[in-house]
Structures are given as C-alpha cells and as structure tokens.
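Let's have the full structure, built from the sequences with the hints guiding it.
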Amino acid sequence: MSEPIYIVGAARTTFGRFDGEDNDLAEEAVRGALADAGVTWSDIHFAVGGTNGETKPDNLVSRLGLTGLPFVTVKNGCATGGVALMTARNGLLAEGRDLACVVGYDNHARGAFNASPARYGIGDWYGQTGMMVTTSYFALKIQRYLHEHGIDPRTLGYASEKAFAYAADHPYAWRRKPVSVDEAMDADMINDPLTRFMFCSPDAGAVSLVLARGSRAFDLCDRPVRLASVELRGRRPGSFEVFSTWLSPGERTSPSIDAAKAAFDSAGIRPADVQVAQLQDTESGAEIIHLAETGLVEHGAQAEGYLNGDFLIDGRLPVNTDGGLLANGEPVGASGLRQVHEVVRQLQGRADGQQVPGGPSIGFTHVYGAPGISACTVLTTEGE
Amino acid sequence: MPTTVDDSLFSSLDPVALRGSECSCGATVFPALGSCPVCTGVDVTDVALPTDGIVWSWTTQHFEPKPPFRTDEFAPFSIGYVDLGPVIVEGWLLGRTEWVIGEPVRLVLTKAWTDGDTVVHTYAFEAAS
Ligand SMILES: [Zn+2]
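Quick mapping for you: the protein sequence lines, in order, are chains U and V. When we follow the numbering used here, the leftmost residue of the first sequence carries the number 668, and every step to the right adds one. When we follow the numbering used here, the leftmost residue of the second sequence carries the number 19, and every step to the right adds one.
Just so you know, these hints were derived from the structure itself, not from any lab. Just to be clear, a hint being listed does not mean it is correct.
[As the list claims (entries may be wrong)] Label pairs and their calculated CB-CB ranges:
hint, chain 1, residue 1, chain 2, residue 2, range
1, V, T58, U, H966, 27 to 37 Å
2, V, P20, U, H814, 33 to 43 Å
3, U, E971, V, P20, 48 to 58 Å
4, V, P122, U, S669, 49 to 59 Å
5, V, T58, U, A785, 20 to 30 Å
Beta carbons are placed, not taken as given, at the ideal position from N, Cα and C, and that holds for glycine.
This is how it looks when you write it as structure tokens:
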C-alpha cells in the first residue's frame, strides 16, 4: 500500500473577466498555494499544469524558477483539472518525491465556445447545419432526462437559484447577484428547456494546489486534507455525449457514473457518507443529472431534494457551495481544481462566507466534459 | 440529383434514406464508419437506416449558431434525437418549435441553404401524422 497523499496548500484567483496575461493568473495561484503550504517553488519535486488556451503551462518555470523539476502539461477539456490532479497524485508515487504542485488556468473570451467539427472528427455538415452547439447538447440531454424520470422542469430554476445564492456570499465567485426561481424560469430561452440563467459562461481564473506525501503533510499543515481517491473514466457504449450524431438505444451509461463509483470504491467511502460535494454544473440540468449519476441522490428524487433545501449550506448534503460553474463561470483548465479548492476549505473549516456547519470531514468532487470523460475525487480529514 | 451538405450521409436521395453502418455485433451507427465503437471490431457493412421513428428528445435553437453554421435567413429551429429502432439519430425537426417526446416523425430532404443558384439540401424529420 502506497503512502497517502494530502493537499497541504490551496489558492485560487477570483474568477471573472481578466485583461492580463494567462501566466499572470497562473502565477498568482501558484504563489498563493505555495504560501498556503508554507513552502517555496524550490521545494517542489513534480508539477502539473492544465489549460485549454494557447500558453504552455510548463513554461511557468521561467517565472517561478528554473529548478529542473519535471513539469507535465494536460489538456482534457472541462475535465482538465481532475486529470491534472490525478497526474500530480501519480507523480508523487515515484520514489524520492514528497511535494507536487498542480495548477489549472484559462482566460477565455466572452461568448459560447465555438467548436470545430474537424477537431472532433466529424464532417463539416454537422457544424454547417447548426448542430455543433454545446448549449443544444445540454438541452437535449436534460429534456430527455426530465422526461425519463418525471422531474418537474421548474427544478432547473431551483438549481440556478441555489447557485447564485451561494455565490452572493463567496469571496471568489464571479456572478454574485441573486436570481429567483421565477427569474430563472422566465429568462430568455436559449435552448428549451434551458434559459439564460441556467448556463455558465466561459471566463478567466486560476487555481493551484500543493500535494504532499505521507508524514511530510503533517509537518507542513495542521489539517491536511487526504486525497482519498481520484479516478478518471471515459465513455462506454450507451453514454450521451456532446457532438453525438447518433446514440445507442437501450441502457444509458455515463463516464460520471463509472468515475464516481470507482472513486467511492477506491476510497472505501459510500455516497451516503458525503457531507459536502462539488458537481459539474455547466448548466442547471447537469447538476440535476450528476446528483444521481454520482450516487448522491436517487434518480427522480432531485426535485424533492431542492424543495427540501437538502443542498443548501445547512441541508443534508450541501452542493456547489461556492456557486459552482453557474456562478464562477468556466475557465476550463481551472474549473476542476476550483471544486477541490472549495471542498478543501470546507473540510479545513475555513470557508469564509459559506461554511458548512458541524465540521464536515468527507467531501466529493466531480468534473465532466467533452468528449465524454469524468474525474471524481473523495477528500477526507478523517483517519489521521 | 439534389445537392446535399454531404453525400456520404445518404444511401439514397429518392426516396431519401440515411446511410449508417451495422456491425456483426448488432450495433448500428450514423454516419457510416469503417469500425465499430461499441465492440471495437471492424466487421461492419453500410446499411440504409429506417426512415420512420419517434422523437427521443428535442430542443429549439433560439440563437443563431456561430460559423460554420450556414443559413439564408436565421429563424429559431428545432433539433432532436429520433429513435429509428437500431440507432438514435440527431437531426432537424421541421415545421414547429415545440415537440413531444414519443411523437412519430419521418425522414425528409430539406433545404439547408442556397449557394448561388444551387439549393443545398440536408436531412430532417417532420411530424408523421
Ligand atoms: Zn460491433
């Protein structure tokens, strides 16, 4: 059994619009995480950087210091943060490495992502006929899901209201203006059944974490958060992914189901044990689907959960306590690490603004993205 | 013969039928592929897909997509997944902007855009009743 891996430092920038260089964001996050851990760049043995922009994360060493360390770059769409964290964890399994740094960042222009058919191996006709649109994918997926599970579409409005309510008191969120259920339901329709207040937008931001192996973590940090598991899975037949010209009839599968199950099994934790969670909420429907695909809530029981307030700060299972993607936007490379950053703050009892009461000790994160990959983590402060 | 957005999508144009591929494992995909993503095999043959199906999901595109989207004049249009039996296919839903999951539709050829004097066609589904 290899030694456990812990998160001993965490920092993020405020998300939103940003005029500077991508590297400015990344550097701010890394220096923040190093300071949080009480270490310097020269202490780091292994680094991983993720971005979907044009900059090269591994060139951050020209600002941080030419220490000769191995620096791996990852680029996996919306799941980049999760993949970067997994890669950093794996890097620490090598002999002689105790400390790793992971950073994720992006600085996107305004507006929906514009995907090129060729990049996805699809003919030009798919884009030319207006089907290569991410918002329509999400709409088609939740439309079917609501139908299959008999869920009131108004649940979408509850998910939006919750996100912006959390963000209103969060120090790093982008969109902090509250939105009521009625406002969310009555806003301009983008793709039925999803309105303007149900989608996240691309924006800018960076997050960095410092990981430590074994007892080194307790030398550095009073309350290190154990990375009990991090698991990455791709799609199998029966999944419903973005830019699909066809789907398999029959049983539906999902990389989120597989990654969540693997993460829980690997950590020896049950979904029912989770006390604070972060789920990919690219739009309100995604949060509803992912509540069930991760095993946290039964399929079809989500509406009741929102109505009961289960997912609020004092509820049974607080979800996306920083406002999620809806309120933070999506700097693609940073988004998955933002989730981990938030859960780390919650488990360490230092979540200014929106602290889950009662000293939560088990957290869960889930990222999901094109072309059908998901990464999940289980984070704990128990057992040491 | 009508001009289309991509001739490889069709096994015939009159009557219109989509060209998919069927694997010896039973999986059917669209457009046709030379391999099978379901079983990883390569024992696949091109097939004409059924032309009647039911709406499996739908949405209406209320904003004009960015290029490479082409249109003569944008108006909100519906997109759906249509269950054809062996495979569920994505395509336009013609004639309305509100649909019901489960309603019957059938395949048609329709104008996508005009290129000079040439009308470029694509496939779509319209209400069968
Ligand atoms: Zn096959």
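Checklist entry - Which of the listed hints are broken here? => result none
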